[in-house]
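Student: Using the sequences and the hints, build the whole thing.
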Amino acid sequence: MNSQLLIGYTARDTFLNRLSGSTKLIGFVALSIIGMVTYDTRFLLGVLLISLILFHFSKIKYHEVAFVLQVIVAFAILNLVMVYVFAPSYGITIYGTHHMILGSPDHYFNLSWEQLFYEFNLLLKYIFAVPLALIFLMTTNPSEFAASLNKIGVSYRISYSVAIALRYIPDVQNDYRTISLAQQARGYEISRKAKLMTRAKGAIQIIMPLILSSLDRIEIISQAMELRRFGHNKKRTWYMAQPFKRNDYLALIIIVLIVLVGIALFKVNGGRFWNPFE
Amino acid sequence: MVEPIISFKDFGFQYDSQSEPTLKHINLDIFPGEKVLLAGPSGSGKSTLGRCINGLIPQSYPGEITGSATVAGHDIKDSSIFELSFSVGTVLQDPDSQFVGLSVKEDIAFSLENDERSQTEMRAATKKWAERLDLKPLLDHSPQGISGGQKQRVAMAGVLIDESNILLFDEPLASLDPASGKASIELIDHLARQQNLTVVIIEHRLEDVLQRPIDQLVVLKDGEIVGNDKPSAILKDSLMQQLGLREPLYLSALQLAGVKLADCDNIDSVKTVAGDNIESALQRWTAGVSLQEPPLPTEPLLTLKNLNFSYNRNQPIIHGLNLTINRGDMLSLVGRNGTGKSTLSNLITGFLKLDDGEMKLKGQDLTQLSVKERADHIGYILQDPNQMISKAMIFDEVAAGLRLRGLTDEEVERRVSDTLKVCGLYEFRHWPISALSFGQKKRVTIAAILVLNPEMIILDEPTAGQDLRHYTEMMNFLETLNREHQVTIMLITHDMHLMLEYTQRAVVLADGGVLMDARPADVLTNEAVIEKAALAKTSLFTLAERYHLPSALDFVAKFVQTEREARSHE
Chain A
0 MNSQLLIGYT ARDTFLNRLS GSTKLIGFVA LSIIGMVTYD TRFLLGVLLI SLILFHFSKI
60 KYHEVAFVLQ VIVAFAILNL VMVYVFAPSY GITIYGTHHM ILGSPDHYFN LSWEQLFYEF
120 NLLLKYIFAV PLALIFLMTT NPSEFAASLN KIGVSYRISY SVAIALRYIP DVQNDYRTIS
180 LAQQARGYEI SRKAKLMTRA KGAIQIIMPL ILSSLDRIEI ISQAMELRRF GHNKKRTWYM
240 AQPFKRNDYL ALIIIVLIVL VGIALFKVNG GRFWNPFE
Chain B
0 MVEPIISFKD FGFQYDSQSE PTLKHINLDI FPGEKVLLAG PSGSGKSTLG RCINGLIPQS
60 YPGEITGSAT VAGHDIKDSS IFELSFSVGT VLQDPDSQFV GLSVKEDIAF SLENDERSQT
120 EMRAATKKWA ERLDLKPLLD HSPQGISGGQ KQRVAMAGVL IDESNILLFD EPLASLDPAS
180 GKASIELIDH LARQQNLTVV IIEHRLEDVL QRPIDQLVVL KDGEIVGNDK PSAILKDSLM
240 QQLGLREPLY LSALQLAGVK LADCDNIDSV KTVAGDNIES ALQRWTAGVS LQEPPLPTEP
300 LLTLKNLNFS YNRNQPIIHG LNLTINRGDM LSLVGRNGTG KSTLSNLITG FLKLDDGEMK
360 LKGQDLTQLS VKERADHIGY ILQDPNQMIS KAMIFDEVAA GLRLRGLTDE EVERRVSDTL
420 KVCGLYEFRH WPISALSFGQ KKRVTIAAIL VLNPEMIILD EPTAGQDLRH YTEMMNFLET
480 LNREHQVTIM LITHDMHLML EYTQRAVVLA DGGVLMDARP ADVLTNEAVI EKAALAKTSL
540 FTLAERYHLP SALDFVAKFV QTEREARSHE
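For the protein sequence lines, the chains are A and B, in the order given.
For the first sequence, numbering that gives the first Met the number 0 begins at 0 and goes up steadily by one.
For the second sequence, numbering that gives the first Met the number 0 begins at 0 and goes up steadily by one.
Only true hints are included.
Under the rule of at most 25 Å between Cα atoms (straight-line distance), these lysine to any residue pairs were calculated in the SDA-like manner:
hint: 1; chain 1: B; residue 1: 536; chain 2: B; residue 2: 240
hint: 2; chain 1: B; residue 1: 126; chain 2: B; residue 2: 136
hint: 3; chain 1: B; residue 1: 371; chain 2: A; residue 2: 212
hint: 4; chain 1: B; residue 1: 352; chain 2: A; residue 2: 172
hint: 5; chain 1: A; residue 1: 244; chain 2: B; residue 2: 118
hint: 6; chain 1: B; residue 1: 181; chain 2: B; residue 2: 228
hint: 7; chain 1: A; residue 1: 200; chain 2: B; residue 2: 414
hint: 8; chain 1: B; residue 1: 440; chain 2: A; residue 2: 172
hint: 9; chain 1: B; residue 1: 371; chain 2: A; residue 2: 197
hint: 10; chain 1: A; residue 1: 58; chain 2: B; residue 2: 139
hint: 11; chain 1: B; residue 1: 270; chain 2: B; residue 2: 521
I should point out that these hints are in silico values taken from the structure, not numbers from a laboratory.
Tutor: What follows is the structure, encoded as structure tokens:
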């Protein structure tokens, strides 16, 4: 019912869909880490360009992700403002020079090119990872998701709990809806008509039965899984796991190269920051 | 001499959490290839016995074991669920919860994944079992996209894939519509023969299971085996009622007509039961009873006109539905799973919003009222009481609706006490709800709705998962509400007995509209409607046909009438 709020997998016929989930997960994690560590603007712009190109090829439509994007943009802006409020001259500290736009470095609130440049780098970091995350989530079959987590070393018990969560989210949503309506029928007002406190109280009335019915469910599921030998062996295989193909190796090589470039730039710059002000 | 594959010798079990043993002095041998039905009322220990067979006891439910028990050569005292799972496949009561995969194929292959089999092996095995159980077109479907009967077949495929030779079914009929239940019993029988399986079925609905031959019927009561024989031998003793089980309807009818079951042959199926004087006795009985059809209520309470509703445009669930419910009706709403029975109730209560159509309660437009306002007139009781209960104490739970409507404390006190008395819960008013049984909890949820004084209540499967005693208590209670307190009652049900014995009107839904609206006996003797709405023919009908009674419909109606009269004299 509210599916447009959540992002989810749909079968699309693109080369990104055909890549194994593990490749996409490794790519996403590796690029995110190197991107989070480095402050080399050239590198960040390069990775951003690559991730936008990939996003284009993934055939994900804007309206499918509009809601999530808006939330992310709002948080990114809030974050940048807060960084400025709490440390308006952090850029000057990092880059060691001051090219002022407003005020002087002696005052707490001032505006320098260094600060703007630093925050621009932050913005790039926020942006470049978003298309990658969306591509990973929206082109990986949820069943394969657990398999790929397991493949990169996460214990299969934890990986499978992700799959189980995906399996039961629609059921729990249904339960929630039913319980909420049944409680409303008794007279708990939780619509916008009511005051905030009344709504909060109403919400509590729904949560208790929801927890109770979910606990019942968990007990039965865990029995069902145990009766079919889940959790006994150290490893398990996955029906939906995709074996690595030529494209996967190719993709992994490219990812490694990009990461190496990022690391090489540390050497060139003599640190994590690329300093254009010197 | 063949060795038994499951053997209990003077076996007893007491859960660590309980002060009394749940199973006592169980002696039971099940031989390879046998089909065994374990029956008994709730609390008789039949589920506990099932848990001993699949190893959940003692591993998941610790407790004290006395005597000995072996399953496929393993002593259950020191074998694990893991070891036993290769010999025993378990299909749980709720096929929905058993479904752990994100799609049908993954669920079927689940145990092979845990055995670290290769993908090629898994694909081959999944394909084989999907073909045998007719699941091939569904392999890529998600659990939300298939019916209850299909889910159960997936669950069966998921345990059969282990090639284990014992299959254990825990109440396989509980959540299926009558036709799916029948298909399921036939499938179990077919598989058992084809694979030479040993099958143990835990179920209290004897008549439905006995549609296919059973080798051994084991009846439990209070943790002990009180009957263990061929079904025909046990049925002949006609002890079912005393043991807390529902006697097959055709046997009740035979006894009503004065036939002695001990003189009959092959009595475990209505298709085979035979005896010298059956025909004449039935003829005599049906001629001797005159049918008095009491008039049905006629004053309209709720009028539904041309209702339309769909979740998405292309598939209307409710399409041009017309129905009038009269004040004082006690009616059952029946039909195939997913045919819109719950959707219709949700539209009436305002849980779902109508696309178009007219809903009037005593002339007042219902569509203009909110969920809360409609609840003052029409109460809806969900199948699972745990989904409705939000307070810890009985009194508070029942009082909640009134308190939210701003009544004074004295008024709340008075109305809650009155309602609790009607529901037989007054003595328990200061009890915590957690101390109640399932049936009592259900009653609390009914009380919490009744206290608001609705003209009509809708109940979703009011007797699901309850044994004969609780079933009878619940239905007698609802009958009293209907008769003495003039509450109009609509029951959504799959239980043909319930519809036949307790309701005066049956509304059959199919293709988004009302397929038939008549007395239950008329519905259950109409083969076209039975087929279309996935209902099940009653054994009374088959009996009437086999013994050439003048009118099967009259026979069924007379039987129901006699039973009802007997009930009101109790």
